[in-house]
Amino acid sequence: EPEVTQTPSHQVTQMGQEVILRCVPISNHLYFYWYRQILGQKVEFLVSFYNNEISEKSEIFDDQFSVERPDGSNFTLKIRSTKLEDSAMYFCASTARPLNSPLHFGNGTRLTVT
Amino acid sequence: KNEVEQSPQNLTAQEGEFITINCSYSVGISALHWLQQHPGGGIVSLFMLSSGKKKHGRLIATINIQEKHSSLHITASHPRDSAVYICAVRAGTGNQFYFGTGTSLTVIP
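Residue numbers (my numbering), protein chains in the order written: chain A, 13 to 126; chain B, 69 to 177.
Chain B with its partners taken away, still in its complex shape (with noise of 0.2 angstroms):
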């Protein structure tokens, strides 16, 4: 059973598309984060939301709570995007975390 589904798994963009992540989850949520993982395994962490939109540089994050759907977009795509992008809930109810199975980003350029 996955709590957490994302689309899609693999991606591959020219340098300059703009390029969506969905993420849709099942359980109740206090918080959903994106991250961001370098092929050297590294995490690091791009969004944590709760309602709406954020937005920093070229990277946009939405949630839409009623749906349970949140999307990451890169506007402007260059190779240093590529990467592994994972989406991650906080369940509602207690300090539990629900990951992704992460889409692979891999931009041309």
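The following block holds chain A by itself, in its conformation from the complex (with noise of 0.2 angstroms):
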């Protein structure tokens, strides 16, 4: 079965640096998510991404995150400036059609700010 994948698995980066976190979503789904957990507390929705443009972003998707389809097949989203709160696991997620096929997770990614 076809699955969301994201790499890498694990970030170590320093305060102050840019990270890149790279997904690669179902091929034949349209509609792309970020959502990040803070260790020990819930998912939260970063931001939804539908015909190459940003369609829904939360309260946290502010100007140090964006997010990017290069080539057709990876969906990124990059963090600019990192801060010791940005610390928690990004997950990324992929679906056919939002009202009628379910989320499909990729294995998130552990970001670590030191």
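There may be inaccurate statements among the hints.
Here are some chain B residues the structure puts well away from chain A; computed CB gaps all over 10 angstroms [said to hold, decoys possible]:
1) N78
2) T80
3) G84
4) T88
5) P107
6) L127
7) I128
8) Q134
9) H141
10) T143
11) D149
When the alpha-carbon atoms are kept at most 35 angstroms apart in a straight line, the in silico DSBU-like pairs for lysine-lysine are as follows [as the list claims (entries may be wrong)]:
12) K136/B with K69/B
13) K69/A with K122/B
14) K122/B with K69/B
15) K122/B with K136/B
16) K90/A with K54/A
17) K95/A with K54/A
18) K123/B with K69/A
19) K69/B with K90/A
20) K69/A with K69/B
21) K136/B with K121/B
22) K54/A with K122/B
23) K136/B with K123/B
24) K54/A with K69/B
25) K54/A with K136/B
26) K69/B with K95/A
27) K69/A with K90/A
28) K69/B with K121/B
29) K123/B with K69/B
30) K136/B with K69/A
31) K69/A with K54/A
32) K54/A with K121/B
33) K121/B with K69/A
34) K95/A with K69/A
35) K123/B with K54/A
For the record, the hints were derived by calculation from the structure and aren't laboratory data. Glycine residues also receive a C-beta, built at the ideal position from the N, C-alpha and C atoms.
Relying on the hints, combine the two individually framed chains into one complex.
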């Protein structure tokens, strides 16, 4: 069964550095999402992406964050000038049709900012 | 402010017991998802509901749109069902999601 893949599985970075988290959604899916989960807390929605543009974003998704689909297969989340509080597990998900199809999640990237 | 509330937060059951996890939400939704998060952190979608009831093996999910409530039932629970179960809703007006805090289930042999 096709799956969503995320790389790297674990990223350690220093405060102030930029990181790019990568995701390869399922190939025929059209809707893509990033979520984060701070250790011990609930999953939080960051952003949804459809038709090469952001369709919805949460309050968390400020100017520090950006998303891109650079080549038709990858879907990236860039975090500029990372802060300690950005340390979390970041999940990518995709779906074919939000109203009729389930979400498929990647295994997540654990980001540690030191 | 929590748009999605789950209960209980923690649940311990004996193998074979019937389990119910509840989810209430306060926003208009277009779909509700039940997710399973394993100890390693991976998330798997169990159900997506917009009305009625769905069944998959020993799992049953129901939703009452008027009451803004959903339940996830596990029949004949098994230790391998031990995980965190998360309720998430897709807000009806867009493509935003709200998540519950999860219910941590432990099934004892």
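Practice item. Verify that the Cβ of L127/B lies farther than 10 angstroms from every Cβ atom of chain A, and report whether the claim holds or is violated. Key: For L127/B, whose nearest Cβ neighbour in chain A is about 13 angstroms away, the distance exceeds 10 angstroms, so it holds.
**Study point:** Hinted pair K69/A and K69/B, Cα distance within 35 angstroms
**Key:** 18 angstroms, holds
Practice item. With a cut-off of 35 angstroms on the C-alpha distance, tell me whether K136/B and K69/B pass. Key: 16 angstroms, holds
Check your understanding: Is it correct that the beta-carbon of T88/B has no partner in chain A closer than or equal to 10 angstroms?
Key -> 20 angstroms, holds
Review point. Within 35 angstroms, alpha carbon to alpha carbon, are K122/B and K69/B?
Key: 29 angstroms, holds
Check your understanding: Are the Cα atoms of K69/A and K54/A separated by 35 angstroms or less?
Key -> Holds, at about 17 angstroms.
Exercise for review: Would you mind confirming whether the straight-line C-alpha gap from K90/A to K54/A stays at or under 35 angstroms?
Suggested key: Roughly 21 angstroms separates the two Cα atoms, so the pair holds.
Practice item. Grab the minimum beta-carbon distance between Q134/B and chain A and tell me whether it stays above 10 angstroms. Key: 19 angstroms, holds
Check your understanding: Keeping to a limit of 35 angstroms between CA atoms, is the pair of K69/B and K95/A held or broken?
Key -> Status holds; Cα separation ~25 angstroms.
Check your understanding: Far enough from chain A: is every CB of that chain over 10 angstroms from the CB of P107/B?
Key -> Correct as stated: the minimum Cβ-Cβ distance to chain A is 13 angstroms, above 10 angstroms.
Exercise for review: Could you check that no beta carbon of chain A comes within 10 angstroms of the beta carbon of T143/B?
Suggested key: 21 angstroms, holds
Review point. Is the straight-line distance between the alpha-carbon of K69/B and that of K90/A 35 angstroms or less?
Key: 28 angstroms, holds
Every hint from the earlier list agrees with this structure, and none is contradicted.
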